[in-house]
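Trainee: Chain by chain, the residues run as shown.
There are 2 protein chains.
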Amino acid sequence: MRTLHQTFAVPFQFPVHFTSGLFKIDNPTLSDTLDARGDRAGKKALVVVERQLLKHFPLLLNQLALYMQVNVPDLQYIHKTIIFEGGERIKNDTGAVQELLKTIHEQGIDRQSFVLCIGGGAILDMAGYATSIAHRGIRLIRIPTTVLSQNDSGVGVKNSINAFDKKNFLGCFTPPFAVINDFDFLTTLDDRDWRGGISEAIKVALIKDASFFESIQRNAQDLAHRSMIPMQQLIHRCAEMHLQHIASGDPFEMGSSRPLDFGHWAAHKLESMTSYQLRHGEAVAIGICLDAAYSFLQGRITSKEFEAIFSLFRTLGFTLFIPEMKRSQDLIEGLNEFREHLGGRLTIMLLDRIGKGVEVNEMDQALLVQALQLLEKYQHQDFQVECNEVAVR
Amino acid sequence: MRTLHQTFAVPFQFPVHFTSGLFKIDNPTLSDTLDARGDRAGKKALVVVERQLLKHFPLLLNQLALYMQVNVPDLQYIHKTIIFEGGERIKNDTGAVQELLKTIHEQGIDRQSFVLCIGGGAILDMAGYATSIAHRGIRLIRIPTTVLSQNDSGVGVKNSINAFDKKNFLGCFTPPFAVINDFDFLTTLDDRDWRGGISEAIKVALIKDASFFESIQRNAQDLAHRSMIPMQQLIHRCAEMHLQHIASGDPFEMGSSRPLDFGHWAAHKLESMTSYQLRHGEAVAIGICLDAAYSFLQGRITSKEFEAIFSLFRTLGFTLFIPEMKRSQDLIEGLNEFREHLGGRLTIMLLDRIGKGVEVNEMDQALLVQALQLLEKYQHQDFQVECNEVAVR
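The listed protein sequences derive, respectively, from chains E and W. Here the first sequence stands for residues 0 to 392, where the numbers follow numbering that gives the first Met the number 0. Here the second sequence stands for residues 0 to 392, where the numbers follow numbering that gives the first Met the number 0.
Among the hints, a few may not be true.
A pair counts as met if it fits within one copy or between any two copies, since identical chains are not told apart.
As the list claims (entries may be wrong) - Below, a list of computed lysine-lysine pairs in the DSSO-like style, where the Cα atoms sit at most 30 Å apart:
no.: 1; residue 1: Lys43; residue 2: Lys165
no.: 2; residue 1: Lys303; residue 2: Lys207
no.: 3; residue 1: Lys79; residue 2: Lys54
no.: 4; residue 1: Lys303; residue 2: Lys79
no.: 5; residue 1: Lys157; residue 2: Lys101
no.: 6; residue 1: Lys101; residue 2: Lys165
no.: 7; residue 1: Lys376; residue 2: Lys157
no.: 8; residue 1: Lys79; residue 2: Lys43
no.: 9; residue 1: Lys207; residue 2: Lys157
no.: 10; residue 1: Lys157; residue 2: Lys43
no.: 11; residue 1: Lys165; residue 2: Lys79
no.: 12; residue 1: Lys101; residue 2: Lys79
no.: 13; residue 1: Lys23; residue 2: Lys165
Simulated from the structure, these hints should not be mistaken for laboratory data.
So that you can see chain E by itself, here it is in the shape it has in the complex:
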């Protein structure tokens, strides 16, 4: 036997811009982004947009077309915009992906042309998948419009659709060409989506940064009342921590460890058990509280810490126990699905304290049932925990 050994590294880079008024003629962000490699002339740009946005910004597509005409006339703007419904359902079959692929084919969008996707996490996931596989990868500019996608999924390297009733069964690891977060889009969110995205920020704070958790506590009332400045700060910090995590770790997840999946094994299962009526951020809030309760029952965190976490989510307006959680065995089956999706050994993040996660390789089913009962009990209590520094060790 003879053997040749292949070894190489593939470098990736992309910017995450934060702006507002993205399509105003004098905002250079998009124009600069399209020309970041100095080669935009003659390239094409195809736009995919979430329908819901057009209700709030009926002139959005006209503004964008005008912006492109004025600022990037050397780029061939495809006027056949693709409009999709947002939400997780778009990921449940291949219809949207097929439509986007067909348009990429018909319009002759090549590997160095651009697809601009404007919308929430689900449509970004779907378009990210389609642009990853068409020609083995087309330049995707993500323009996330929700809290969740601006601070979490939209700045990462993953995309997916669901298949065989398994969330994210099909997908790729594909860094985007660029991400542009326009805070103006946040005004279009309903309260559920405004709130939902905060879960991922609390998640990353809980496992990595106690001071960030404290700042979210301090701003909880303002965030609940849709105050924009603390939300912008939260999104920026959360996105920054996600980017750092990806760059410093295992970007394409070849190992078993996925710290950012704290709270997610139960979240994924609850989304599926509710037929995606529960939105991702809402499910993550429950998943975090469940694994925090479990951490408390295992003696890893104090009752004060658990209550601080639970209370923060309550202040923000989350519901932390839903009827599906009474089907505890079905929910716990989510552990197996989670292990299968990741592969290898089950690896679950728990909390050692607020600001520090710890990985474990098994969960005790009886204790999980107790944790579920704890959430049910707390959900029905009108308790109020003082948010004070005692909780953060």
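With chain E held as given, fit chain W onto it using these hints.
Mentor: Just chain W, lined up with the frame of chain E:
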């Protein structure tokens, strides 16, 4: 506007083993490969195999099952082997990909379990695509069985299926977990497939290594008569050059330059124009001769060099002009499709001399028509060029 800059590199490595008697109980290659990361225990292994091989090796699956049972009992071998027809047709619709995905789902194959794919380039391409997108990537062990896949596609980082009548429209860049070339499989090839794979070796020799070209010239008669030793040497050297090229260049092809696509713009179009009756290696032989003829007509290479190239392919038994090439405008349209697939500027490799390629950004249509006429004329001549050192400058 504020901006965060994301930068990281993803390291990849995989071995390419050369062996024979892969499934003999005392051959450690496969066992060692499965345990390369020391974590095979509890993982699963699913096998995908090309039907044609089972005609030549009716006991192949029994041997493999026995091998696994004896040598890797800690791995869960899935006895439901998936058997597909080989050949490019398997890439023309999503049926095979769907069947493989469904089995991956049903059998609970996770991201760190293994899919072993035994077959030619088309089935490896298809299985590579399916295993790239399922769970965002399952470990694929490629066991290529043709000259073409052992020396070229099987050792690379690409996979694909065809869509919208465009070759390789859907696909990913995904390095395999490992590649195992078993020379015994070459005995199963018909003459067309034995011969076809030599094209890619001549291609890489022509653009990079004159001494390799000369060695193929020296061995041409033996290769034409299916002599195994020179074929093994050719495959090893060609695979080595491909690996070096990928590692030293732009593995995921983010730029416009693709030197290894020498001769491929016409090859892809001819495959499509003949509804894949022409096999890939046969089409590449024509594509190389066409671009060599064009290089000669442009004064880049001498008539002696062109004739040495043409003569080598003829000695090996290739047909270098087919009726479809009379539809020159249709064929030349392949340039546009090639540019669109790559994206960016048209970049075509021509020859400066034997052993040295040169990239150009346009091709003259009138000269291309002349090059086609030259091939037609030479095809009908029973000429014999002396293979001598004069041709290699």
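Trainee: Against this structure, judge whether each hint is valid.
Mentor: These are the hints, each one checked on the structure:
1. Lys43 to Lys165: This pair counts as between: shortest inter-copy Cα distance 19 Å, intra-copy 34 Å.
2. Lys303 to Lys207: within (19 Å within a copy, 68 Å between copies)
3. Lys79 to Lys54: within (18 Å within a copy, 51 Å between copies)
4. Lys303 to Lys79: neither (55 Å within a copy, 52 Å between copies)
5. Lys157 to Lys101: Both ways: Lys157 and Lys101 sit 22 Å apart in one copy and 22 Å across, limit 30 Å.
6. Lys101 to Lys165: Classified as both: same-chain Cα gap 25 Å, cross-chain 12 Å, threshold 30 Å.
7. Lys376 to Lys157: neither (36 Å within a copy, 53 Å between copies)
8. Lys79 to Lys43: within (12 Å within a copy, 46 Å between copies)
9. Lys207 to Lys157: within (21 Å within a copy, 37 Å between copies)
10. Lys157 to Lys43: Classified as both; 24 Å inside a copy, 25 Å across copies.
11. Lys165 to Lys79: Cα proximity of Lys165 and Lys79: across copies only (22 Å, versus 32 Å in one copy).
12. Lys101 to Lys79: within (12 Å within a copy, 34 Å between copies)
13. Lys23 to Lys165: neither (40 Å within a copy, 38 Å between copies)
Going through the hint list in order, the structure does not satisfy hints 4, 7 and 13.
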